[in-house]
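J.: I would like the entire structure built from these sequences, with the hints used as guidance.
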Amino acid sequence: MTAGDPGMSPPKTPFHKLTLGPEATEAPQIIWLHGWGQTHASLLPLAELMEKRATNILFDLPGFGKTERLERGAASPEYAAAVAAELTALPAGRRLIVGHSFGCRVALRLAAGWPELVGGLVLIAPAGLPRRRSVLWRGRAVGLKLSGRMARFADRLLGSRLHDRFAVRFGSADYRNAGPLRESFVKIVNEDLSEVARQISQPVAILVGEADTETPPEISRRYAQLIENAGLVVLPGFGHLDILSRGRHQLEARLSRFLEEHGFGH
Amino acid sequence: MSKDRKRIAVIFGGQSVEHDVSILTGLQFLEALDLDRFEGLPVYVAPDGGWWTGEALLKRSFYPLDADKKKRLKAVRLDVGRARSAGAALLAAKGGLFGPKEDQLPFDLMVPAIHGSNGEDGTLQGLLAFHGVPFAGCRALASSTTMDKDFTKRVLGALGVPVLPGARIERPQSGASLEPKAMERQLAEGLGRLEFPLFVKPLGLGSSIGASVADDMDGLLAALLAVFRIDQAALVEPKVANLREYNVAASRATGVLRLSAIERPKSAADFLNFSEKYLSGGSGGAKLDEAPSEGMLSQNRVLNPEELTPDQSTAIQNHARCVFETFNLAGSVRIDFLSDAESGELWFNEVNTVPGSFACYLWQAAEPPLSFIELTTSLIEEGLRLSAGERAQTDVQTARAVIFDRG
Chain Z
1 MTAGDPGMSP PKTPFHKLTL GPEATEAPQI IWLHGWGQTH ASLLPLAELM
51 EKRATNILFD LPGFGKTERL ERGAASPEYA AAVAAELTAL PAGRRLIVGH
101 SFGCRVALRL AAGWPELVGG LVLIAPAGLP RRRSVLWRGR AVGLKLSGRM
151 ARFADRLLGS RLHDRFAVRF GSADYRNAGP LRESFVKIVN EDLSEVARQI
201 SQPVAILVGE ADTETPPEIS RRYAQLIENA GLVVLPGFGH LDILSRGRHQ
251 LEARLSRFLE EHGFGH
Chain V
1 MSKDRKRIAV IFGGQSVEHD VSILTGLQFL EALDLDRFEG LPVYVAPDGG
51 WWTGEALLKR SFYPLDADKK KRLKAVRLDV GRARSAGAAL LAAKGGLFGP
101 KEDQLPFDLM VPAIHGSNGE DGTLQGLLAF HGVPFAGCRA LASSTTMDKD
151 FTKRVLGALG VPVLPGARIE RPQSGASLEP KAMERQLAEG LGRLEFPLFV
201 KPLGLGSSIG ASVADDMDGL LAALLAVFRI DQAALVEPKV ANLREYNVAA
251 SRATGVLRLS AIERPKSAAD FLNFSEKYLS GGSGGAKLDE APSEGMLSQN
301 RVLNPEELTP DQSTAIQNHA RCVFETFNLA GSVRIDFLSD AESGELWFNE
351 VNTVPGSFAC YLWQAAEPPL SFIELTTSLI EEGLRLSAGE RAQTDVQTAR
401 AVIFDRG
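In the order they appear, the protein sequences are chains Z and V.
Just so we're aligned, residue 1 is where the first sequence starts under my numbering, counting upward by one.
Just so we're aligned, residue 1 is where the second sequence starts under my numbering, counting upward by one.
It is worth saying that the hints were derived from the structure and are not from the lab.
Quick caveat, the model's predicted, so the values are computed rather than measured.
Among these hints, one or two may not hold up.
Said to hold, decoys possible - Calculated pairs, SDA-like style, for lysine to any residue (alpha carbon to alpha carbon, straight line, at most 20 Å):
(1) K52(Z) x K101(V)
(2) K52(Z) x P368(V)
(3) K101(V) x R72(V)
T.: As structure tokens, this is what we get:
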């Protein structure tokens, strides 16, 4: 992926965003990108702790919270392009992108495609690499995918609603709740960002909870190997979501250290 | 993560009406430990007084406990009467082939995170000090003296810190009822003359639990009865008109006496009550692990409020320093003041030696800011230092008190 035309137009209205901290342009900027199905509010408890150290800009990503969704089927390249358009409008300065889960996919694409806009990355519980699954799990997944297709085929032929029922029974919560974003969701979860990760040259910190079952530490470990300049910390006792609430003080300490070590200070 | 981390036992819950708030405070401390240097050990004191430990305690969604949940925990007790050189430990019961056995769970320091009675009042601190268990925060004497709001006010009043007049009303002996005549006399002695509205609060509890306003004698009796359900005595004070509260945290944990930002708790009502303080903005239940909105308590307060004049800020800071020094406090304490927004008058209200969340939010807003992890680290280090300095002196020669010849 290169900078420029992602093949789709960015949303017509700007992102909904919340700004915390000093307005001064010499303060470092932290851009916060939330996870799938969340809004900026999921990152607020942590961002509040960084209020004294940086200007924090928390976006609602398209299709979530109060930001309009992108065109149907938009995946992480289109999300990254839309965020890049937002960032171009902001005052220039030392800029750190903090992503959580799906937000990390966008952050990685952004850092690779628009390196001039991104000074560093902090990836919290990053998604984007295919999970290593057992043979049994993969077998079941193939079976389910096939059944889903058959249900859809039957629906088309007979006008039935088998697929809906199938989705309720077997789809993940995110898949079921995706609504008009379902097409995007399916594309996004099937993306493999290995190549993108190899292109990243900015400093990167990867933070993940040891008890994370959505994006297990194994994914973060592989990212740490793929990204040239990455450090990894696995925090014991935290999961995929509660790392943002219960774990926020641990994340704050790592974030502050990252800011200092990589010259994001005042 | 380093292998030789110190193990920090954080004790929370407790036999107090502030039990639930204490769970939040204890868990917050554990979540804010510097994991490179410390390892947390949760010690939960159930409402029945039993002590428990286990990983499951770290999640808010685990509470309240029931018989099933207790199966996932270990019952523990403090190993008392150990020689000091053996260090501190908890004992966990386990079944053995030849009868029950006990596992030792050694730890380096205990952090009291229990609010109110049986925890913040010096009883726990006394237990730990007697057995030579290193602990963080205020020592036993400071904890117990400041728990009595009336006594604290009298001492500070004598030192020139402004305090409201107040009358202390003891709970009648069981079976007896409140004697209106005797009570009126006590009120008159403490308050000068009886003028409503009055503010009634428990003598020894924080978190605004049990506090209420009385507009007349009937209201006063009802308010007192409410207090006597949870405390031995009540403190009756004039209700401050145009009330604004200001709180500041103080600590000497980093070496010098430092003060935090000043906060004004926000409240539309006359005073901050428990449900506003901890449950507002939610569905009526305390917020749990998976709701990332828990940090939002900060929306209930104004930090470094603009309406405070430099003189008022200075007065709050000076009085807070006086309180800290007078009672020889330690840890992170919160000192609360009342103010009349119209006249600008200011009165010392109370000290919390184990404030909610260890007042971390006030330190985060201090100048320079102190993060919660920096705060927990400094409180642990201070506790270790203080406890090391208190090691019992047992050399009878030094005291010239030798009776038995040691050869």
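J.: Would you mind marking each hint as holding or not holding in the structure?
T.: Results of checking the hints against the structure:
1. K52(Z) x K101(V): Answer violated: K52(Z) to K101(V) is near 52 Å, above 20 Å.
2. K52(Z) x P368(V): 9 Å, holds
3. K101(V) x R72(V): 18 Å, holds
The earlier numbered hint that this structure contradicts is number 1, and it is the only one.
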